[in-house]
Amino acid sequence: GQQLNQSPQSMFIQEGEDVSMNCTSSSIFNTWLWYKQEPGEGPVLLIALYKAGELTSNGRLTAQFGITRKDSFLNISASIPSDVGIYFCAAPPVQGAQKLVFGQGTRLTINP
Amino acid sequence: SAVISQKPSRDICQRGTSLTIQCQVDSQVTMMFWYRQQPGQSLTLIATANQGSEATYESGFVIDKFPISRPNLTFSTLTVSNMSPEDSSIYLCSVVRWDGHRGGGYTFGSGTRLTVV
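Just so you know, the sequences run in chain order A and B. Using my numbering, read the first sequence as starting at 1 and increasing by one per residue. Using my numbering, read the second sequence as starting at 1 and increasing by one per residue.
Note that these hints are calculated values from the structure, not bench results. Check each hint, because a few of them may be wrong.
Some chain A residues flagged as far from chain B (calculated, every beta-carbon gap over 12 Å) [unchecked claim]:
no., residue
1, Phe-12
2, Ser-20
3, Lys-99
Computed spacing ranges between beta-carbons, pair by pair [stated by the list, open to error]:
no., chain 1, residue 1, chain 2, residue 2, range
4, A, Leu-55, B, Gly-52, 37 to 43 Å
5, A, Pro-112, B, Pro-85, 32 to 38 Å
6, B, Val-62, A, Gln-98, 21 to 27 Å
7, B, Thr-17, A, Pro-39, 24 to 30 Å
8, A, Tyr-50, B, Gln-28, 21 to 27 Å
9, B, Asp-64, A, Lys-70, 42 to 48 Å
10, A, Glu-17, B, Thr-30, 40 to 46 Å
Computed cross-link-like contacts, DSS-like style, restricted to lysine-lysine with a CA-CA straight-line distance of at most 25 Å [said to hold, decoys possible]:
no., chain 1, residue 1, chain 2, residue 2
11, A, Lys-51, B, Lys-65
12, B, Lys-7, A, Lys-99
13, A, Lys-99, A, Lys-51
14, A, Lys-70, A, Lys-51
Note that CB positions come from ideal geometry on N, CA and C, so glycine has one too.
When you get a sec, could you build the whole thing from the sequences and use the hints?
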């Protein structure tokens, strides 16, 4: 089946540092989604990407849809303590049902 | 995006019993999904809840263990049957609704944290 390989699995950074994480797949996708999950909550959508090559920002967050349609990255600039959480990439398969496939997640820890 | 109310938010259950989780959406949606998130893991789709017909289950999940109801376009339930400690997970409801503008149509409930003892 289609899989999303997300890396790194965890990050330990200092407050103020920039963060970069990515997702790759052997399959192509028409949509890439980035979610953040905090303890006790469901995933919340951060950024949605709909076009190959698209670069989209949401405040300090920037995500890009890879030109090959097989990858995407998420950057967080000047991290702050509230950025702590688990970040997931997700994508619906090109054909078939609209269910989402998820990456394994990147757990972000920030040292103040 | 849609607003989802999922309950209970958490429960501790005895093995061998069953728990029914409810998902209520603030508006009609076409697609509703149920996911499982095991401790420290990513989300795995259990099934797609279809209105007026039987749910569509993913490989590894069966109706006898996870019966699903969807009586209308705003409500669904997932039952975890004959529970064992291995069923201890977070169960999440998700919906898809396209609002006709960019921003993604997939929304998640806050989840039900289930502990089986």
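Take a look at whether the Cβ-Cβ distance between B/Thr-17 and A/Pro-39 falls inside 24 to 30 Å.
Holds: the Cβ-Cβ distance is about 26 Å, inside 24 to 30 Å.
Keeping to a limit of 25 Å between CA atoms, is the pair of B/Lys-7 and A/Lys-99 held or broken?
Holds: B/Lys-7 and A/Lys-99 sit about 22 Å apart, inside 25 Å.
Tell me if the beta carbons of B/Val-62 and A/Gln-98 are separated by a distance inside 21 to 27 Å.
holds, 22 Å
Claimed clearance of chain B by A/Phe-12, with the beta carbon kept past 12 Å:
holds, 16 Å
Looking only at beta-carbon atoms, does the pair B/Asp-64, A/Lys-70 fall within the given range of 42 to 48 Å?
With Cβ atoms ~38 Å apart, the hint is violated.
Beyond 12 Å from every Cβ of chain B: is that where the Cβ of A/Lys-99 lies?
violated, 5 Å
Honestly, do A/Glu-17 and B/Thr-30 meet the 40 to 46 Å range at C-beta?
Given about 41 Å between the Cβ atoms, the range holds.
Hinted pair, alpha-carbon criterion (25 Å max): A/Lys-51, B/Lys-65. Please report holds or violated.
violated, 39 Å
For a C-alpha distance cap of 25 Å, please report whether A/Lys-70 and A/Lys-51 respect it.
Satisfied, since the Cα-Cα distance of roughly 12 Å is no more than 25 Å.
Could you check that no beta carbon of chain B comes within 12 Å of the beta carbon of A/Ser-20?
holds, 19 Å
Cβ separation of A/Tyr-50 and B/Gln-28, checked against the hinted range 21 to 27 Å:
This hint holds: roughly 24 Å between Cβ atoms.
Beta-carbon spacing of A/Leu-55 to B/Gly-52 - inside the hinted bounds 37 to 43 Å or not
At roughly 42 Å between Cβ atoms, B/Gly-52 and A/Leu-55 fall inside 37 to 43 Å, so the hint holds.
Hints 3, 9, 11 from the earlier list are contradicted by this structure; the remaining hints agree with it.
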